[in-house]
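As given, the protein sequences belong to chains A and B, one line each in that order.
In terms of numbering that gives the first Met the number 0, the first sequence opens at residue 0 and continues consecutively.
In terms of numbering that gives the first Met the number 0, the second sequence opens at residue 0 and continues consecutively.
Just so you know, these hints were derived from the structure itself, not from any lab.
Be aware that a few hints might be false.
Ranges of calculated distance between the beta carbons of each label pair, as one might list FRET restraints [what the hints assert, rightly or not]:
(1) A:38 x B:197: 41 to 49 Å
(2) A:57 x B:78: 43 to 51 Å
(3) A:132 x B:371: 35 to 43 Å
(4) B:264 x A:57: 17 to 25 Å
(5) A:14 x B:200: 47 to 55 Å
(6) A:50 x B:256: 24 to 32 Å
(7) A:130 x B:264: 24 to 32 Å
These numbers were taken from a predicted model, which means no experiment stands behind them.
Where a beta carbon is used, it is the ideal one built from N, C-alpha and C, also for glycine.
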Amino acid sequence: MDVTEVLLPGVGLRYEFTNHRGERVGVVARRTGDFELVVYGSEDPDEGRPLIELNNEEADAVAEILGAPRIAERFADLTKEVPGLASGQVEVRAGSAFDGRPLGDTRARTRTGASIVAVVRGDEVIASPTPQELLLGGDVLVVIGTHEGIGGVEQIIRG
Amino acid sequence: MRTPVALLLELGVILAALSMLGTLARRYTLSPIPLYLLTGLAVGEGGIAPVPAAGAFVETGAAIGVILLLLVLGLEFSLPEFAAGMRRHVPSALVDLLLNAAPGAVAGWLLGMDGIGILALAGATYISSSGIVARLLSDLHRLGNRETPSVLSVLVLEDCAMALYLPVLAVLASGGAWWQAALGVLAAAGAVLVAFTLSYRWGHHLGRLVAHPDAEQLLLRVLGLTLIVAALAELVHASAAVGAFLVGLTLTGETATRTRALFSPLRDLFAAVFFLAIGLSVDPGDLVAVLPAALALAAVTLVTKVVTGWYAASRDGVGRRGRRRAGTALVARGEFSLVIVGLVGTMHDTLGPLVTAYVFVLAIAGPLLTRLVGGPPRPSRQVADPRNGLPQG
């Protein structure tokens, strides 16, 4: 899915994407932390029809509903669709080789072909972490790849 | 300490009246600025309800109002947004400047004003009211529209042009020989550039100097700093408003965000006092005399602003309806046209009343026109429809 980002000087940002029903959806993220959801009509493609407005707190709640619990579910769906692809979870033990080191240092993808797509830290999920992301003891890495690849990542992380 | 009963009472009544008028204006998504001006006219000399005791306060409050307007304008400025505006909308900014400053300049020349008067009037017709327009876009639920980035980019570039224009005007208005004025202009432009660089390179350090987790401390520090810089700027004839703008520019990031939130209500209060003071300073008799000129100027610059917005939106590939909305949204003139008058108005008899009447007309006509063109604001889509609640597929 393509999400375009447009700067609204003095106001914030607007994100735009087309959903599965072909509707063009816009999300206005204001500097104040408020959000506005709009749908673009067919008679005037430039005019956003307001759907809902969310304040800071409400937006957080909605993000949580849509975001966190669905991550595992989504990976499960993804691995079902592609034969040979699996997802696994690898724990970074406290005091182990990568505790406190950036994700990039593991060189996991280069060495095994498997990707670390999320880091679960307590209640928090860091989706698509960058190589600069510091790993901490107790983190659980969500890995997607072949069974061998996931096993390889497990070995690397254990050291 | 003696409590000034008359002052408190007059001020209280004025603020209560302003609040009622403001509510009335907001109900019709109009700007309250014209009504504040009217209130000023009503309580001024030759008006219906003079307020002798509150006069001194209103005068001081107006000076602080201008400073806060410019401080918050500076705080809103962000370099990435300016750069994005520059990338796409330099031609729009040029069209804007040519089409909208020229009518003011020609009108000033026809009315027999001197160079400074012509320059001031050109500025007053050029600058749209970013306050009115931003509020209007939000009230009419247009922030998600595709023409909105073009409108906001034009506003950002105008505000930036103001940063260079105001010090130049202030220096020229303070008089002196041509070389003094030239030096002053150079110094003013230099100060603005230095402030830009400072905010770009070391903004976070400067922010740390005034930043404080306690809101009261932050308020006192920024207000103190702003008033000192404003006073110093006024002392060297560069206008207090410009000094305040520079302070706003140099504060960036988190500090700017917090300061903006903290100062917005304060700015609204003192800006209202400023609009009141502008109304107060104008004699209703003079206003009637310049009304035809103001109406003609408003009619011409209404059209030129619509053309500007139309052009800017078309550069972003927006359709006809969107272009019309963009053009009409930009029509409103307001606070900065009045700030310009505040800067030089006392030296020109016709300029003050003319621009007051002009802003009065366009601050009402702009919002009305753009509402009309955009059609009635649509109600939110029904959310209680059970068919929408069922999961698809």
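task: Could you tell me which of the numbered hints above are not met by this structure, giving the numbers in increasing order?
output: Hints 2, 3, 5, 7 are the ones this structure does not satisfy, whereas the remaining hints hold.
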